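Let the sequences and hints guide you as you build the complete structure.
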Amino acid sequence: NAGVTQTPKFRILKIGQSMTLQCTQDMNHNYMYWYRQDPGMGLKLIYYSVGAGITDKGEVPNGYNVSRSTTEDFPLRLELAAPSQTSVYFCASSYKQGAAEAFFGQGTRLTVV
Amino acid sequence: QQQVKQSPQSLIVQKGGISIINCAYENTAFDYFPWYQQFPGKGPALLIAIRPDVSEKKEGRFTISFNKSAKQFSLHIMDSQPGDSATYFCAAKRHDMRFGAGTRLTVKP
Numbered sequence: 463n464a465g466v467t468q469t470p471k472f473r474i475l476k477i478g479q480s481m482t483l484q485c486t487q488d489m490n491h492n493y494m495y496w497y498r499q500d501p502g503m504g505l506k507l508i509y510y511s512v513g514a515g516i517t518d519k520g521e522v523p524n525g526y527n528v529s530r531s532t533t534e535d536f537p538l539r540l541e542l543a544a545p546s547q548t549s550v551y552f553c554a555s556s557y558k559q560g561a562a563e564a565f566f567g568q569g570t571r572l573t574v575v
Numbered sequence: 004q005q006q007v008k009q010s011p012q013s014l015i016v017q018k019g020g021i022s023i024i025n026c027a028y029e030n031t032a033f034d035y036f037p038w039y040q041q042f043p044g045k046g047p048a049l050l051i052a053i054r055p056d057v058s059e060k061k062e063g064r065f066t067i068s069f070n071k072s073a074k075q076f077s078l079h080i081m082d083s084q085p086g087d088s089a090t091y092f093c094a095a096k097r098h099d100m101r102f103g104a105g106t107r108l109t110v111k112p
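The listed protein sequences correspond, in order, to chains A and B.
To convert, take the position in the first sequence, counting from 1, and add 462; that gives the working numbering.
To convert, take the position in the second sequence, counting from 1, and add 3; that gives the working numbering.
Please note: incorrect hints may appear among the correct ones.
[Claimed, not checked] Taking beta-carbon pairs under 8 Å as the criterion, some of the chain B residues facing chain A (in silico):
| # | residue |
| --- | --- |
| 1 | Y35 |
| 2 | F69 |
| 3 | H98 |
| 4 | G105 |
Hint data in this document are derived by calculation from the structure and do not stem from the laboratory.
These figures come from a predicted structure and were not determined experimentally.
We put the beta carbon where it would ideally sit given N, CA and C, even for glycine.
Have a look at this one:
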């Protein structure tokens with residue numbers, strides 16, 4: 463079982479560049495999430511989606527965009543990368559709201575220089 | 004606004020001791036309270052979780068205590084082992100899922 467797959471695992475961006483972090487899940491989960499984790503810090507919710515075609519902002523959405531055209535995929539777009547976006551990004555998915563385990567990908571380590 | 008507050012930030016326990024991590028939440032709409040364990044370089048993995056209609060849940064050496072009126076919950080790790088050394092996150096979930104800041108646990112042999 464693949465679970466939640468994130469690509470790439472590592473990436474270095476120059477200031478002002480753009481990129482898309484890919485996330486796909488094969489568990490037919492409706493709910494998907496994007497988090498960022500700064501060194502020694504907790505996970506901050508960037509965006510989440512409750513199903514295909516529906517997305518909503520989390521705690522720290524500025525500088526990011528998402529789309530959810532299929533149940534499986536939930537890409538995160540960074541436009542005009544800034545050093546403050548240097549972080550580890552985690553994608554997660556869950557079958558439903560509330561009492562359902564959220565499964566995480568292995569993360570994407572992004573450095574903006 | 005931090006919706007989930009976690010303490011302590013770090014914890015050092017001797018092997019065989021009890022590790023206790025505390026969390027408090029703001030939003031009463033949350034209806035699922037998981038604890039995640041994270042090892043360096045890995046994504047978080049679910050350890051144990053509780054629903055607000057239950058005051059305690061035990062799975063092996065791990066116990067969650069939940070106080071709905073105080074909007075607080077805690078993780079107890081009994082007989083802590085060096086292999087338990089990791090970062091632990093509490094979370095609160097409904098439509099979205101919010102995390103505490105994490106507790107870095109070190110269990111000394």
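- Minimum Cβ distance from B/Y35 to chain A below 8 Å? 4 Å, holds
- Hint check: 8 Å Cβ-Cβ cutoff, B/F69 to chain A: 13 Å, violated
- With 8 Å as the cut and Cβ atoms as the points, is B/H98 at the interface with chain A? This interface hint holds because 5 Å falls under the 8 Å limit.
- Message: Holds or violated: the hint that B/G105 contacts chain A, with Cβ atoms closer than 8 Å.
- Response: Holds - the Cβ of B/G105 comes within 8 Å of chain A, reaching about 5 Å at its closest.
Comparing the model with each earlier hint shows a violation of hint 2 alone; every other hint is respected.
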